[in-house]
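Engineer: Residue numbers (full-length UniProt numbering), protein chains in the order written: chain A, 1 to 316; chain B, 1 to 325.
One or more of the hints may lead you astray.
Unchecked claim - Part of the chain A face toward chain B, derived, beta carbon under 7 angstroms:
1) Ser49
2) Asp99
3) Gly188
4) Pro269
To be verified - Computed spacing ranges between beta-carbons, pair by pair:
5) A/Gln194 to B/Val85: 24 to 30 angstroms
6) B/Gly276 to A/Pro39: 34 to 40 angstroms
7) A/Asp313 to B/Arg131: 33 to 39 angstroms
8) A/Pro15 to B/Gly27: 54 to 60 angstroms
9) A/Arg82 to B/Arg139: 37 to 43 angstroms
10) A/Thr23 to B/Arg61: 48 to 54 angstroms
11) B/Gly27 to A/Arg260: 25 to 31 angstroms
12) A/Asp313 to B/Arg139: 32 to 38 angstroms
Worth flagging that the hints you see were computed from the coordinates, not collected in a lab. Using N, Cα and C, we set each Cβ at its ideal position, and we do this for glycine too.
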Amino acid sequence: MTPLVSLRGVSRHFPLPRRGLFTRPVLRAVQQVSFDVAPGEVVGLVGESGSGKSTLGRVALGLLPATDGAVLFEGQDLGALRPAQLRAMRRHMQMVFQDPFASLNPRRSIGGAIAEVLKLHGLPHGETDVAGALARVGLEAADMKRRPRQFSGGQRQRIAIARALAVRPRFLVADEPVSALDVSVQAGILKLLQELRGELGLAMLFISHDLTVVEAMADRVLVLYLGRVMEAGPAREIFRAPRHPYTAALLASAPGSKRREMLLQGEIPSPASPPSGCVFRTRCPFAWTACAEEVPPLRSLAPGHEKACIRDDLAL
Amino acid sequence: MKLAAPVLEVSGLSVAFRGGAIQAVDGVDLSIGAGETLAVVGESGSGKSVTALAVLRLFGRDDGAVARGRILWRGEDLLAMPEPVLRRYRGREIAIIFQDPGASLNPVFPIGEQIAEVLRRHNGTPKRQARAQALTLLRDVGIADPERRIDAYPHQLSGGMRQRVMIAIALACAPKLLIADEPTTALDVTIQAQILRLLKALQARTGMGLMFITHDLELVADIADRIAVMYAGQVVEAGPAAAVLARPAHPYTRALLDCRPHHDAEGVVRFAPIPGAPPRGVFPQGCRFAPRCALAEEACRAAAMPLATAAPRHETRCRCWEVLA
Chain A
1 MTPLVSLRGV SRHFPLPRRG LFTRPVLRAV QQVSFDVAPG EVVGLVGESG
51 SGKSTLGRVA LGLLPATDGA VLFEGQDLGA LRPAQLRAMR RHMQMVFQDP
101 FASLNPRRSI GGAIAEVLKL HGLPHGETDV AGALARVGLE AADMKRRPRQ
151 FSGGQRQRIA IARALAVRPR FLVADEPVSA LDVSVQAGIL KLLQELRGEL
201 GLAMLFISHD LTVVEAMADR VLVLYLGRVM EAGPAREIFR APRHPYTAAL
251 LASAPGSKRR EMLLQGEIPS PASPPSGCVF RTRCPFAWTA CAEEVPPLRS
301 LAPGHEKACI RDDLAL
Chain B
1 MKLAAPVLEV SGLSVAFRGG AIQAVDGVDL SIGAGETLAV VGESGSGKSV
51 TALAVLRLFG RDDGAVARGR ILWRGEDLLA MPEPVLRRYR GREIAIIFQD
101 PGASLNPVFP IGEQIAEVLR RHNGTPKRQA RAQALTLLRD VGIADPERRI
151 DAYPHQLSGG MRQRVMIAIA LACAPKLLIA DEPTTALDVT IQAQILRLLK
201 ALQARTGMGL MFITHDLELV ADIADRIAVM YAGQVVEAGP AAAVLARPAH
251 PYTRALLDCR PHHDAEGVVR FAPIPGAPPR GVFPQGCRFA PRCALAEEAC
301 RAAAMPLATA APRHETRCRC WEVLA
């Protein structure tokens, strides 16, 4: 099957303030990342803060241009499109953010917010259309006239989802969509996303620091560290039998984990000055001197499962 | 099971705001023994943080908070104490850390000075000695390279390191009880695991009691001796941590466990939302969870639900708890 979204060797760098006359440091937020999202597939993106998850999500939508590499949507290179073409493409690719409080205009009725998006993309935007979008997320037509502050956090996230899905996108980037919500509310939003995925055949890039949630939602998982993919594979394999030390350490750190304890020392280094060779080596309990020498390439372990680690002798 | 005499004993604690218009905490009983960890678990609005603040009476002047009941600290009622007397207990005997360490640290002073300040104020430690102790404390809470970090400003540190600094400040006067209000919620899982391990190690060394407030039931499995689950201002279940997690005796606890993704017997990942939303400020008559409870009967709604004993030292505010087992 041709992928819906395809990232090929994508990097995204941010320039940092100049230091001295000749040095212009850059922050390497995303480095050489490649992956595909098939139609209807959910790809989970995990990693600590500073791993580049959110940057990668924005690059995948063309909201941030890639510094290097290409992002293809149905085979079309987003970087080669003219602004008007890119805007037209946006209808098919939408985003839901962590904070529904910040992503909704407080002075605008929620019906107005949804109608605006429909209108922007040249779609019918009457009351029945808006009511339909709200009904999809379990809200009533009567809610249309109300302002964001009249809703709870969970309801606001439903509104944000309704707005994103009103234009019938085929690809949704959900960046920590439940992290700001209470556990009992989280489950409702996750169920909703699962149902909508089935109903609309939606493909998703699901970004979360919560591994348990990613396991429940994703078909495939990408583990990021300092902007690089450490391990990628089917969710089942990644969670049951991680092959990269970083994946194993993340899983062991999750609350209530029954995995053998593997506490990581220290914190994630700054992406402005990543370690040489394997970027994870400074915190890896299994690092060899060879790990400092070159960046380990992603190697295939099984169909669709790869890791960037030179050690194969580890029982994780 | 530790059955040491409690160092902190809260009984019949009620807290209302705005002259009683908003009831946040309603008749809460809790106790913590020396060296014991009590996890207080609940969602936002359950009253768990207000309970913690009430122990040290850390309410703002404009909150209009009215607290009733008793908070016995080694036999003395903190709630009845005049403010200047209570101030001697704050920080020195009972310390508190919060979710956002960035907001609790003063941005214009180096962290070493902020720790030393606490030592000077509470213990009258001379300046030079206070700095030496601050250095030791930074080392104790696992700050790498403390000689260099001691002169750093809060913004130069990561969130995890700032929380370590807050813990160092809290521990400066060797408190007998540490109240930790969602101390790891803003941190990455890897850093969260480090902070939890640190708290456990410090507790083993100092024998302090720990009141750990969180919304995350999974998290407490790793640290708590006992769990108190709060809902709508009340403790709805309290008991030994292992028993509460393995055999919850209240439908709300059961529902909280079920709404996190988990594997069923066939290995399929499942999770179930709790219908409805928790009541806020004004509570329904009878069992407060009844409107959302699948087991609720007419009798549940009739009168206020008392605590029932499900097992020794394991209580539940549910009359149908046997059905859950």
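Engineer: Against the range 33 to 39 angstroms, how does the distance between the Cβ atoms of aspartate 313 of chain A and arginine 131 of chain B compare: consistent or not?
Structural biologist: Violated - the Cβ-Cβ distance for aspartate 313 of chain A and arginine 131 of chain B, about 47 angstroms, lies outside 33 to 39 angstroms.
Engineer: Given proline 269 of chain A as an interface hint, is the shortest Cβ-Cβ distance to chain B below 7 angstroms?
Structural biologist: The hint is violated - proline 269 of chain A has no Cβ within 7 angstroms of chain B, the shortest such distance being about 11 angstroms.
Engineer: Looking only at beta-carbon atoms, does the pair proline 15 of chain A, glycine 27 of chain B fall within the given range of 54 to 60 angstroms?
Structural biologist: holds (59 angstroms)
Engineer: Hint serine 49 of chain A vs chain B: min CB-CB distance below 7 angstroms?
Structural biologist: holds (6 angstroms)
Engineer: Regarding the hint that aspartate 99 of chain A lies at the interface with chain B, is the smallest CB-CB distance below 7 angstroms?
Structural biologist: violated (14 angstroms)
Engineer: Using the C-beta atoms of aspartate 313 of chain A and arginine 139 of chain B, is the stated range 32 to 38 angstroms upheld?
Structural biologist: holds (35 angstroms)
Engineer: In this structure, is the beta-carbon distance linking glutamine 194 of chain A and valine 85 of chain B contained in 24 to 30 angstroms?
Structural biologist: violated (56 angstroms)
Engineer: Between glycine 27 of chain B and arginine 260 of chain A, does the C-beta distance stay in 25 to 31 angstroms?
Structural biologist: Cβ of glycine 27 of chain B to Cβ of arginine 260 of chain A: about 43 angstroms, so the range 25 to 31 angstroms is violated.
Engineer: Quick check: does the Cβ-Cβ distance between glycine 276 of chain B and proline 39 of chain A fall within 34 to 40 angstroms?
Structural biologist: The hinted range 34 to 40 angstroms holds for glycine 276 of chain B and proline 39 of chain A, with Cβ atoms some 36 angstroms apart.
Engineer: Would you say the C-beta atoms of threonine 23 of chain A and arginine 61 of chain B sit inside 48 to 54 angstroms of each other?
Structural biologist: Hint holds: Cβ distance 52 angstroms, inside 48 to 54 angstroms.
Engineer: For the hint 37 to 43 angstroms, verify it against the beta carbon of arginine 82 of chain A and that of arginine 139 of chain B.
Structural biologist: This hint is violated: roughly 58 angstroms between Cβ atoms.
Engineer: So, as I understand it, the hint says glycine 188 of chain A touches chain B; can you test that by seeing if any CB pair is closer than 7 angstroms?
Structural biologist: With a closest approach of 4 angstroms, the glycine 188 of chain A hint holds.
Violated hints for the displayed structure, listed by number in ascending order: 2, 4, 5, 7, 9, 11.
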